[in-house]
Structure formats: C-alpha cells, structure tokens
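Visitor: Given chain R, work out where chain L should sit, using these hints.
Protein chains: 2
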Amino acid sequence: MAPRDVPYIVVSRLPLYLRALTFLAEEGKEITSSQELGKKLGLSPAQIRKDLSHFGEFGKQGTGYEIGYLQQQLKRILKVTAKWQMALIGTGDLGRAIVLHYGGFERRGFHIATVFDRDPRKIGKKLGQFEILNSQLIPQYVGKAGIKIAILAVPASEAQNVAENLIQAGIRAILNYAPITLSVPHSIQVQYMDPVIYLQRMTYYLE
Amino acid sequence: MAPRDVPYIVVSRLPLYLRALTFLAEEGKEITSSQELGKKLGLSPAQIRKDLSHFGEFGKQGTGYEIGYLQQQLKRILKVTAKWQMALIGTGDLGRAIVLHYGGFERRGFHIATVFDRDPRKIGKKLGQFEILNSQLIPQYVGKAGIKIAILAVPASEAQNVAENLIQAGIRAILNYAPITLSVPHSIQVQYMDPVIYLQRMTYYLE
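Those protein sequence lines, which keep their order, are chains R and L. For what it's worth, the numbering used here labels the leading residue of the first sequence as 2, then goes sequentially. For what it's worth, the numbering used here labels the leading residue of the second sequence as 2, then goes sequentially.
What the hints contain is simulated information worked out from the structure, not anything from laboratory work. There's no promise every hint is true.
Heads up, the list lumps identical chains together, so a pair's fine if it works in one copy or across two of them.
[Said to hold, decoys possible] Derived DSS-like pairs: lysine-lysine, alpha-carbon spacing no greater than 25 Å straight-line:
hint : residue 1 : residue 2
1    : 145       : 127
2    : 41        : 149
3    : 30        : 40
Chain R extracted, bound-state conformation (with noise of 0.2 Å):
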C-alpha cells in the first residue's frame, strides 16, 4: 500500500508501536500480543491487529508478535533503519536541553548534524560537541549537507521567517515547537511540540 493510502491516524500511532515495542524488549521479552499491546497503550487488540494489517502480515493467530522482528519492520515502514541527519535552530534553554538532554534521538533514527542561532552572542560559541553557526548560513550548510528534517526552537514571533528559510533550504519536515501554526507548503511535514494543545486535549475530559 503507497504510504499515502494508509489514514494519517493509523500512520501516527506507528511510532507508539515502536516505543512500546522497544521497551517490552528492553525488558527481555521477545514475543508479545496485541492484548499486551493495547493494555500499554490503551488501545484495544483489534485496532492494533488492524492498524498492522495496513503494512502486511507480523504475527500469527495464537503465536502472538516476535517483538524484534516487528520493531525491524515498523523501522523499515517509518523509514527510521538508517539515521536522519537534523539541523536545530533556536538555543535559548529549549534548544540547550535538546541538544544536551534528551537522549532519545540516535537509538531512534535520528542525529542532530547541526545547530544554528542568529544571537551574535552565541554564535561561535560551543553547545554540547557543537559550535553554535549562524542562522544566516542556514541555505549554505542545510542544502550542502542534505538535512531534511528540521528542529524549530525559536521564539513564536521568529518561527514563519525561520521556516521559510528552512524550506528554501532543502528541509521537508519541521518539527515546531514555537506555539504558532506555521504556514507552509502543502509539501512540507510539520509536527508541533506545542504543550497546551496536549493539555487542552486532557482538560476535555477532567471533571
């Protein structure tokens, strides 16, 4: 099936798959169910048995999922087997704790190659392993190195202009975690890391 033909939301619960996946591996197991599954996701059996369905045939009736051979495929259909090289933009305390916190890029498919800021104090100096490049060079080194892909840490009222730069440079998927929807062309893949939407879509169902 084209990777367009499969409905967004079962596209987007691919990756939930891969994370629990991982972790029942982590924890010695080798085989699993999508009774097990759907209990750490809360999801029921029969959705995760047809969102798979989608992408082929992984388990057999009564056997359940060789937890290592579906974390191989959902790798291959997310396109995550080999790394994304990734430019981040934006180090304010955000950027910083990505870049020197958040452990969870390269076992995952993806590798920060390069981090920018326009704040001439911060240019030149190093973040990490990175010295810190100007936002200006953003065409020069995106476009050369081949990125495309896109962490966005810049303030709200900075993102739609570093976005757009971004695109003219080669970028195809911008994960944004200014809190503005970015208008962009109907190409390009956006993800936002805006925590109020995540908040509103709990506070629906608080009493």
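Guide: Okay, now just chain L, sitting in the frame of chain R:
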C-alpha cells in the same frame, strides 16, 4: 453529547481549531469559514464542519463562523474558560525552558502553581518567581491545593515513580516529557511530549 461519546480523534483536533481561531482573531478577523480554517490546518472544510457538529451548531450556511463566539464555545468544551493550576516536576534545562520562556500557558487556560525537584542542590533555590520545592512534599502540596494537572520534566528513569506519587496525590492528567510510556490507571489522562514520536510521523512521508 457526553464527552466520552465523541471520538478521540475529533477531540484531539479541537485545540488546533482553537489555536487557529486565536491566530485569526489576533490578525483582527471577526469571521472565518471552514474553508479558511481547513487551509490553515491542512484539513477538508467538510471534516471541520463534521467535527464541530458533534458539539452543536456554531455557524450559518453562507455566513461562516463568528470567531469570538466559536473561540468561547471551544474553550467551554475544552474546559479552559478558567485556569487550571499545574505542578511542574523537574527543573533541568527543559523545566527551566517551560517555566521561564514558554509564554503560552496563561492566556490559554493554564497556570504553573508550584515547581518541584528532588535534587538537594536545587531545593530552596529560585526558578523565576518560584521557590523550588522538595519532591517529597508533592503529596502534601498537590493534594491541599487541589492541583489536577502535572508537567513531568524528569529523567526517564524517574518518570514512572514520580507519576505514581503524583497520582496518589490527586493528579488526574500528566503531560509527560520523559521519553517513556507511563503505566497508569485508565482514569488518568497522559499525553506525551516525546519529539521522536512526532519526527517518526514525518519520516514516514519523506522520500
């Protein structure tokens, strides 16, 4: 319609509608349409009309939606007309970024009321306007203040333990920044701010 009867996928889009409406209002607009909202959000106008129809009749055929009215209705549905008090746990770079630099909580229904850390070198110090409290005081403070929402910005290895303490203290919704899946009772809301999940939702579509 009772809150639980609306599909989660519909509920999950309401905060995006509210954010887009706020954006339009800040541009000085008073009326919008399902076409305009759809264009902003990458959804079909029919989808938007269908989503909203779960909650009532908010626009008129041909005249569109009154932005201020629809904002108020969505705030009511999402229960963010008043402010929710929140506890933040963890004051590393990420906790710092959330407290000091993320400006989006107050005007969107949320207020950080108290900040905790377990590191003796941090307890008693100031973070912005907050005195950092000992995590051991969570049961006492959170319960007494009637706080229902927590932001979890602790390392992955501590997240499950802290979550259990929070739930015992009366927390009903957790925004989890730690890159692990929490095991919590069904009655507890959890949302994950795990960047890799959002990155993998984009790489699926990349060539």
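Visitor: Honestly, which of those hints from before does the structure not fit?
Guide: Result: no hint breaks.
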